[in-house]
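Can you build the whole structure from these sequences, using the hints too?
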Amino acid sequence: MTVKTRFAPSPTGFLHIGGVRTALFSWLYARHHGGQFVLRIEDTDRERSTQAAVDAIVEGLAWLQLDYDEGPYYQSQRSDRYAEQAERLLKSGAAYHCYCTREELDSRRAEQTARGENPRYDGRCRQRTAPVPGVQPVLRFRTPDTGVTIVDDLVRGRVEFQNAELDDLILVRSDGTPTFHFGVVVDDGDMGITHVIRGDDHLNNTPRQMHMIAALGYPVPAYGHLPMILGSDGAKLSKRHGAVNVLEYREEGFLPDALLNYLVRLGWAHGDQEVFSREEMIRLFDIGAVNASASRFDTEKLKWLNQQYLKGSVPESLVADFLPQVRRAGLDPDSGPSPAAVIEAYRERATTLKDLAESAAYLYVDPPTMDEAAVARHLKSAIHAPLSLLATRLAALDNWSRESLHAAVASTATDSGMGFGKLGQPVRVAVTGGTVSPPIDVTLELLGRDKVLRRLATAVSLTGSGTVA
RNA sequence: GCUCCCUUCGUCUAGCGGUUAGGACGCGGCCCUCUCAAGGCUGAAACACGAGUUCGAUUCUCGUAGGGAGCGCCA
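When you read off a place in the first sequence, starting at 1, and then add 3, the result is the number in my numbering.
Incorrect hints may appear among the rest.
Claimed, not checked - If you anchor each label on the Cβ, the simulated ranges turn out as follows:
{"hint": "1", "residue 1": "Asp155", "residue 2": "Glu283", "range": "26 to 36 angstroms"}
{"hint": "2", "residue 1": "Val135", "residue 2": "Ser241", "range": "41 to 51 angstroms"}
{"hint": "3", "residue 1": "Arg331", "residue 2": "Asn402", "range": "50 to 60 angstroms"}
{"hint": "4", "residue 1": "Leu93", "residue 2": "Ala323", "range": "32 to 42 angstroms"}
{"hint": "5", "residue 1": "Ala133", "residue 2": "Ala65", "range": "36 to 46 angstroms"}
Just so you know, the hints here were simulated from the structure itself, not pulled from any lab data.
Each residue gets a CB set at the ideal place from its N, CA and C atoms; glycine is no exception.
In C-alpha cells:
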C-alpha cells in the first residue's frame, strides 16, 4: 500500500506554528514511506475563509519547502461530490433528515447541561417519516447506538469510545453545504488518504468519522493525533507569545530548516540528537515515537538552532535572505562590503539574519552612530598618538588584507608600548562606533580603506582636541 | 457536568523493571581571548501524589490531584 497523507488547514487566518508542525509530521510520514502528500484547503465555511489566508498557507509551505504532490484541492469546489455522497447515505438509510430547529436544539442542550448530562442530539428525527412544512432540514448521520469503536492511534495507542456516547452529526446544513466532518470524510476517501495525521483536538471526532467513512464504503485510514504546542507559559499559543504566523519567522530572520528542526523536536526525539538535516529527518522520523503530551514553544532554543544553521551554512547561500534584512534595517546593501563577507564575519555571533544585519549597521552607515559611553571610555587623549601612528601606517599599507592589517595594529601597539588589546578596543570604537565587532583585523578589512582612514582621522582629531580627558 | 487525552530538571526530551536517571536550550563558574561571540571543561536543576503487582518500580495496574481537548447547521 502506498502511503498518502494530507495537510488540511482551513483558511481562516495565517498559517500558524502549530499547523506547520502538523504539516511537517504529516509530510515527514509520507516522505519517510516514499508516499504522497496532499494539500487540501477546507473552506466549507465560506464566511470565514479568505483568499489571503490561502495565499499565506501556500507561501508558508513554500518557504519551508514542504512540497505536496497533489493540490491544493478546495472543498468549496467539490460541492457536487458531497451532494452525491449525501444522497447515497440518505438512500441507504445511513443518514436521515432532521427538522429540529436551532432554537429547539439549543434549549434541549441547555436542559441536558443543567441535568449534568453530556449535551448531545437525542436522535428524535430518526423516526420521522414526513417532512415538517416550512422547515429546511439538515442531513444527519445515523451513528450506532451500541458497541464500542476503537481508534488504534499511531501516537496514542488504543483508545476506546462507547458508541452510545456519540450522537448523530450533521452532514449537510439546511442551506445544502457540507459540514467539516462530512467534507473531511468524503475527501479523505476520494483522495485515498491512508494516514490521517492531525491535531489531537480531533481525537474525539475520530470514531464518528470512522463510522461515516465506513458507511460510505471507503477503507478506514489509520489515524495519528499530534499533541498541541503551547506558549512558553503553558497557555494556548497566541499572538501575545510573539510570532505565531510562520511568515513572521522569516521576517525575524530565521532559516526554514532551523524552524523545521526545532519543530520536529517538539514531541519527537531520536536519542540525544538535536540537529537534523532534512534528509535525516525524513530517514529517522517515526510517528510511533511521537510523544503524547503537549509541549511548549521555546524561542530561546529556536534561536540556538538558528545560530547552528547560520554557522553551518555556506555564506553565499544566505545572501538572498540576508539582503532584505539589510534593507529592513534601513540600510543600503550597496553602501557596504560584499554580503557574503559580512555573513562570514558575523554568522557565529548572530542568532538571526535580522540581528546579523542590525549588528553590522556600522558597515553601511557613514559616519556610524557613536556610542557615547564607549567613546568617553576608550577615546581618551592617551590614545591619540597610537591612533595617529596607526592611521599613518594604514594609509601607507599597500595590501589591505586581514594579515597585513593585523600586523600593522600589532606593530603599532608594540611601538607604542602597549598590548594589542589596549589599542584594539579604541580602534574598534573609532571605526565601528561601539565596543562589539568581529576581530579587529576582520573588521578593518570589511570596512575598507576609505571608511577606516576617515573614521580614524576623526578619532585622531577628537582625541587630540583636548576636549576629551 | 459528561466523554476522551496528558504528567521525567524552568523548557525540549532519553529511558521501555535493577542506571551515579542521560543529552540539549537557558542559567552559574572556569579556560581560551583585541571586544562580542563561537568553542572546550564544569556546576546547580527532574521521575506530581497515593495505593497495589513485583525480590525490586521513573518504567506495569488502579486511584487522587493538576493540566488539556471535545461536547455547534465552526473547523
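> When the hints from earlier in the document are held up against this structure, which numbers fail?
Replying inline: 3, 4, 5
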